[in-house]
Amino acid sequence: MDLQSIPPKDAFIVTSVLDAWCNDHKIKRKDALKQATILVAKYHEGTRSQMELTDALIEK
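For what it's worth, numbering that gives the first Met the number 0 labels the leading residue of the sequence shown as 0, then goes sequentially.
Among the hints, erroneous ones may be present.
Calculated cross-link-like contacts (lysine to any residue; reagent style SDA-like; alpha-carbon spacing at most 25 Å) [what the hints assert, rightly or not]: (1) Lys8 with Gln34; (2) Lys27 with Asp9; (3) Lys29 with Ile12.
Computed beta-carbon distance windows for the label pairs [as the list claims (entries may be wrong)]: (4) Gly45 with Lys25: 26 to 34 Å; (5) Ser4 with Lys25: 25 to 33 Å; (6) Leu32 with Phe11: 17 to 25 Å; (7) Ala10 with Asp54: 17 to 25 Å; (8) Asp54 with Phe11: 27 to 35 Å; (9) Asp54 with Ile26: 13 to 21 Å; (10) Lys8 with Ala40: 14 to 22 Å; (11) Pro7 with Ala40: 15 to 23 Å.
I should point out that these hints are in silico values taken from the structure, not numbers from a laboratory. Backbone N, C-alpha and C define an ideal beta-carbon position, used for all residues, glycine too.
All chains should be modelled from the sequences, with the hints used to inform the complete structure.
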């Protein structure tokens with residue numbers, strides 16, 4: 000996951016969505032590479048909303 004190209008404020012949004020997803024699904028963050036990849040891809044497509052990022056995980 001390339002967080003260097005994501006500003007700190009936005010990186011916090013992406014990681015908080017990933018943390019919530021992992022907590023809800025009882026998986027470790029280190030095992031959530033697929034979900035992290037989806038979130039970063041959606042971010043780079045222009046998605047900045049936590050709700051929209053979460054929806055992207057649900058859709059995949």
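For the range 25 to 33 Å, tell me whether the beta carbons of Ser4 and Lys25 fit it or not.
30 Å, holds
Can you tell me whether the CB distance of Asp54 to Phe11 sits inside 27 to 35 Å?
Given range 27 to 35 Å: violated, Cβ gap about 19 Å.
With 14 to 22 Å as the target window, see if Lys8 and Ala40 comply at their CB atoms.
Roughly 19 Å apart at Cβ, these two residues keep to the hinted range, so it holds.
If I claimed the Cβ atoms of Leu32 and Phe11 lie 17 to 25 Å apart, would that claim hold in this structure?
Taking Cβ atoms as reference, Leu32 and Phe11 lie about 19 Å apart, which means the hint holds.
Mind checking the hinted window 17 to 25 Å against the Cβ distance between Ala10 and Asp54?
Given about 19 Å between the Cβ atoms, the range holds.
Has the given pair, Lys8 with Gln34, been kept, meaning a C-alpha gap of at most 25 Å?
19 Å, holds
Look at the Cβ atoms of Gly45 and Lys25 and judge whether their distance stays inside 26 to 34 Å.
Cβ of Gly45 to Cβ of Lys25: about 31 Å, so the range 26 to 34 Å holds.
Next pair to validate is Lys27 with Asp9; report whether the Cα-Cα distance is within 25 Å.
22 Å, holds
Holds or violated: the 15 to 23 Å window for the beta-carbon distance between Pro7 and Ala40?
For Ala40 against Pro7, whose Cβ atoms are near 19 Å apart, the range 15 to 23 Å holds.
Given pair status - Ile12, Lys29, alpha carbons within 25 Å:
18 Å, holds
Mind checking the hinted window 13 to 21 Å against the Cβ distance between Asp54 and Ile26?
Roughly 19 Å apart at Cβ, these two residues keep to the hinted range, so it holds.
Checked against the numbered hints given earlier, the structure breaks only hint 8 and satisfies all the rest.
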